[in-house]
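Number of protein chains: 2
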Amino acid sequence: MSEHISLAVIKRLPKYYRYLGELLDMDITKISSKDLSEKMGVTASQIRQDLNNFGSFGLQGYGYNIELLYSEIGKILGIDRSYKAVIVGFGNIGQALVNHSLFSKRGVDFICAFDKDQTVVGTELNGIKVEDISGFKDFLEENEIDIVTIAVPKHSIGSIEKILYNSNVKGVWNFSNCDLNSLEEKMHVENVNLMDSLMTLSYKMNEKSILEKCNVKK
Amino acid sequence: MSEHISLAVIKRLPKYYRYLGELLDMDITKISSKDLSEKMGVTASQIRQDLNNFGSFGLQGYGYNIELLYSEIGKILGIDRSYKAVIVGFGNIGQALVNHSLFSKRGVDFICAFDKDQTVVGTELNGIKVEDISGFKDFLEENEIDIVTIAVPKHSIGSIEKILYNSNVKGVWNFSNCDLNSLEEKMHVENVNLMDSLMTLSYKMNEKSILEKCNVKK
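Chains as they are written, first to last, in my numbering: chain H, 8 to 225; chain E, 8 to 225.
Do not rely on the hints blindly, as some may be mistaken.
Remember, identical chains collapse to one label, so a pair may be satisfied in a single copy or spanning two.
Here are the simulated DSS-like cross-link-like pairs (lysine-lysine), alpha carbons at most 25 Å apart as the crow flies [what the hints assert, rightly or not]:
| no. | residue 1 | residue 2 |
| --- | --- | --- |
| 1 | Lys169 | Lys46 |
| 2 | Lys112 | Lys177 |
| 3 | Lys91 | Lys136 |
| 4 | Lys177 | Lys46 |
| 5 | Lys18 | Lys37 |
| 6 | Lys161 | Lys46 |
| 7 | Lys215 | Lys82 |
| 8 | Lys136 | Lys211 |
| 9 | Lys41 | Lys22 |
| 10 | Lys18 | Lys220 |
| 11 | Lys144 | Lys220 |
| 12 | Lys211 | Lys112 |
| 13 | Lys211 | Lys123 |
| 14 | Lys161 | Lys22 |
Calculated from the structure, these hints are not laboratory results.
The whole structure should be built from the sequences, with the hints applied where relevant.
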């Protein structure tokens, strides 16, 4: 077994988890690897290969026991644990996260938020209080925080990156539209880069004509 | 040249574009492939291979002309064009997108939003008016819309998916936390699945202990 699993595999696990959850919601308890693969648009051998990275699941001639597989993938994804999280930047994105009940169901508890805007500091949303960003560094020293979610604009990122670099935070969920290369050496960073995502969409929408043009040029 | 470029390559292009833009902002006009690769944490040969999919860029012994490369990658990403876009679901995510000035700089113009909540229907944010969702189907028939952004909760997705399936929309930017398999046959779908992203982070944070446990089990 390798010491790291490829990112492509990891990225498929949450999808498996979601689909199995949906089947459970419909009271379906067993599924053949063929049916699962058709539902998900992934080949059956891909699913088997992905899961084999983590042990053996499923039985020949029976398929998968959905409840068991769901629970095992949940453990692999680490969502049987709980995480203390804070949000830095309480704009629309920060508020969307606090309004989303699913995160706490997956073990992520936002305990407070930080912002520099004095019109939001001191306010509360869904029981999450917004603190002044000036107290962020001390807060991280005094509290064991697992995940820091960054939802500030690019020009505010420098000082936050520095505070995080000197902290014991384990994971950063980064919505800032810029890479946090210095932090990636020290902790786990997961980027949600909306601008990159939108550019990927515009590429896909134009791929055919773009590749034709490249062919002409060559 | 292949007819499709692998998704891994496509996903790196916006990153190249961002880094080159940052260099331009610093008035840097030339860079060697070695320096560019160090800055970006990608090997120089990876960058060369990626770009070679689209033609030849850069000069031996000189490196890259940043302005030229920036402009060429922009064209590859299709952001030299403009797109008419609408948002379905005007909660925090929808509002965050309208508040973000960078999207229009990349050619994406949100012309209006749709929601079913009568307390937001008729309101306006940054010049974007919120229309009643009941008019969404007719609107798509009467207007040529390139991109529909979906930012509604899972339980509201069914009827919207059906309307889109019968439309001429070219791209869907999907924030709904569920897959839109039926649409993927007909148009380009780019998913921003926050729950999947958070599970990927929790996996990374626990990978070492998870793989150790799997080893013990095997």
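Violated constraints from the hint list, given by number and in increasing order: Those not satisfied are hints 8, 11, 13.
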